[in-house]
Each structure stands twice: as structure tokens, then as C-alpha cells.
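Student: Here's the letter readout for the chains.
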Amino acid sequence: GAGVSQSPSNKVTEKGKDVELRCDPISGHTALYWYRQSLGQGLEFLIYFQGNSAPDKSGLPSDRFSAERTGGSVSTLTIQRTQQEDSAVYLCASGARGASTGELFFGEGSRLTVL
Amino acid sequence: QKEVEQNSGPLSVPEGAIASLNCTYSDRGSQSFFWYRQYSGKSPELIMFIYSNGDKEDGRFTAQLNKASQYVSLLIRDSQPSDSATYLCAVSPSGTYKYIFGTGTRLKVLA
Numbered sequence: 003g004a005g006v007s008q009s010p011s012n013k014v015t016e017k018g019k020d021v022e023l024r025c026d027p028i029s030g031h032t033a034l035y036w037y038r039q040s041l042g043q044g045l046e047f048l049i050y051f052q053g054n055s056a057p058d059k060s061g062l063p064s065d066r067f068s069a070e071r072t073g074g075s076v077s078t079l080t081i082q083r084t085q086q087e088d089s090a091v092y093l094c095a096s097g098a099r100g101a102s103t104g105e106l107f108f109g110e111g112s113r114l115t116v117l
Numbered sequence: 003q004k005e006v007e008q009n010s011g012p013l014s015v016p017e018g019a020i021a022s023l024n025c026t027y028s029d030r031g032s033q034s035f036f037w038y039r040q041y042s043g044k045s046p047e048l049i050m051f052i053y054s055n056g057d058k059e060d061g062r063f064t065a066q067l068n069k070a071s072q073y074v075s076l077l078i079r080d081s082q083p084s085d086s087a088t089y090l091c092a093v094s095p096s097g098t099y100k101y102i103f104g105t106g107t108r109l110k111v112l113a
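In order, the protein sequences belong to chains A and B. Count along the first sequence starting at 1, add 2, and that's the number in our numbering. Count along the second sequence starting at 1, add 2, and that's the number in our numbering.
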């Protein structure tokens, strides 16, 4: 497809389990972002990838969170030993670095519920 | 102090009125400013960006930037019920490609 694709769209897990969330950005976009949005809240920056450069991990809330981006394309966000406060919508966005608008294109998100 | 601050609202305006949404930011060196609209249950979508001080108009939307006051606003003229959504202000701090979002202002346009 032409847009940012995320999977799964919904994930329900038990506390303590690990989860993986996937993002397939728009083809040709070198920048990829992960954000988290809790109910009624704004977007919390988690991590940013730009091409083959070292990612900006400054927003990851704890060492239970990690992300990787393979081949400059698909990214996976992993949350280990999930906690109830991890429940949120995880949004992935991609962008073309250097584009005049700086526009981010968001996926539909992965809604994570930790019981 | 939060990096990007917005009044959460809701801001209610009658149909046809001007809606004024405001945002302040803390990083004085920020260069890029964006307004995203997010309908309930949907993902954000870009509606305006502004880089220079002053006003920038696009249809019914006007973005206003005052770097000295660290303030950016969005005006929506002739508001329509379809404009009812949460409006997110985003700022790109100096020297980064990171986008910091505010918590958003919920706008309700009453028919």
C-alpha cells in the first residue's frame, strides 16, 4: 500500500509478557518515528530512525522498550515484561528527510492493552 | 515546564465563527512548527506548517508564529462541524529532526 502500515492493529496481552509491534513505512522515506498516545493524551516521542544513522532513543521510557529498523525500512518496537501502564496506542510515522514541509505520515496505530 | 503546551479544551465555537488555537514552546531555538488534526480514533494528519515569523494562510486556516514570544497559533475561519477534532501542535527543536507534540486542544464546532 501507499501509506504507513502497522501491525497488529490491536493487541491484548497479559502483564509480564513481551510484545512486538511492526511498522512498514512509506517506500523511500528515510525517517521513521515511534510515538505513544495514551487515552486522551498527546503524542509521546519514543524513538527516531534516520537512514543508517544511530537512532535517537531519548524518548524510550525504560530499558524494557527497544526498537530496531532493518534495512532502512521495516521497524519493530519491542516491549518486554509489559506493565499495565504500557497500555496505549503506539503510532509509527515516516517522513522524507529534507522535505520542505517536514510532514510526518502516520500509520493507523497499534492499540496495546495490558491486562 | 513542558516542551510544548496547549490548552486541552474543549474549545466550543458556533458554526461559522473563528476558532483560535494556541501553543507555546520552551526551546527558543526551535525552527519548525506544525499543526496536526486528529479525529477521534484516527491518526494525526498535517494541516499546516510554518517556519517564519508572521502569518501563513491556507484556505480557511491561518498559522501565526511569534518566535520572540515562543508562541504559535492556528486560526480556523468559518468553522464547520467537520472541523471538530483534536488539534496537535508539534515543534521540531533546534538541531534535531525530532517532533515534540503538545497534548492537543479538542475543538467542538456547534451546528
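Simulated from the structure, these hints should not be mistaken for lab results. For glycine and all other residues, C-beta sits at the position ideal for the given N, C-alpha and C. A couple of the hints might just be wrong.
Unchecked claim - Derived coverage of chain B by chain A (criterion: at least 3 residues anywhere in the stretch with Cβ under 8 Å from a Cβ of chain A; other residues may be distant): (1) 41–54; (2) 93–99.
To be verified - Pair ranges (Cβ atoms, derived): (3) A:Ser7 x B:Asp80: 29 to 37 Å; (4) A:Lys19 x B:Ala113: 40 to 48 Å; (5) B:Asp80 x A:Leu117: 42 to 50 Å; (6) B:Arg79 x A:Gly53: 16 to 24 Å; (7) A:Ser68 x B:Gln33: 28 to 36 Å; (8) B:Gly11 x A:Gln86: 41 to 49 Å; (9) B:Ala70 x A:Glu22: 44 to 52 Å; (10) B:Gly11 x A:Thr78: 29 to 37 Å; (11) A:Gly73 x B:Leu112: 45 to 53 Å; (12) B:Ser54 x A:Gly74: 31 to 39 Å; (13) B:Ser10 x A:Leu117: 27 to 35 Å; (14) A:Arg83 x B:Ser54: 41 to 49 Å.
Student: Work down the list of hints and note, for each, if the structure agrees.
Tutor: Do the hints match the structure? See the list:
no.	hint	verdict
1	41–54	holds (count 6)
2	93–99	holds (count 3)
3	A:Ser7 x B:Asp80: 29 to 37 Å	holds, 35 Å
4	A:Lys19 x B:Ala113: 40 to 48 Å	holds, 46 Å
5	B:Asp80 x A:Leu117: 42 to 50 Å	holds, 46 Å
6	B:Arg79 x A:Gly53: 16 to 24 Å	violated, 40 Å
7	A:Ser68 x B:Gln33: 28 to 36 Å	holds, 30 Å
8	B:Gly11 x A:Gln86: 41 to 49 Å	violated, 27 Å
9	B:Ala70 x A:Glu22: 44 to 52 Å	holds, 46 Å
10	B:Gly11 x A:Thr78: 29 to 37 Å	holds, 35 Å
11	A:Gly73 x B:Leu112: 45 to 53 Å	holds, 50 Å
12	B:Ser54 x A:Gly74: 31 to 39 Å	holds, 32 Å
13	B:Ser10 x A:Leu117: 27 to 35 Å	holds, 28 Å
14	A:Arg83 x B:Ser54: 41 to 49 Å	holds, 47 Å
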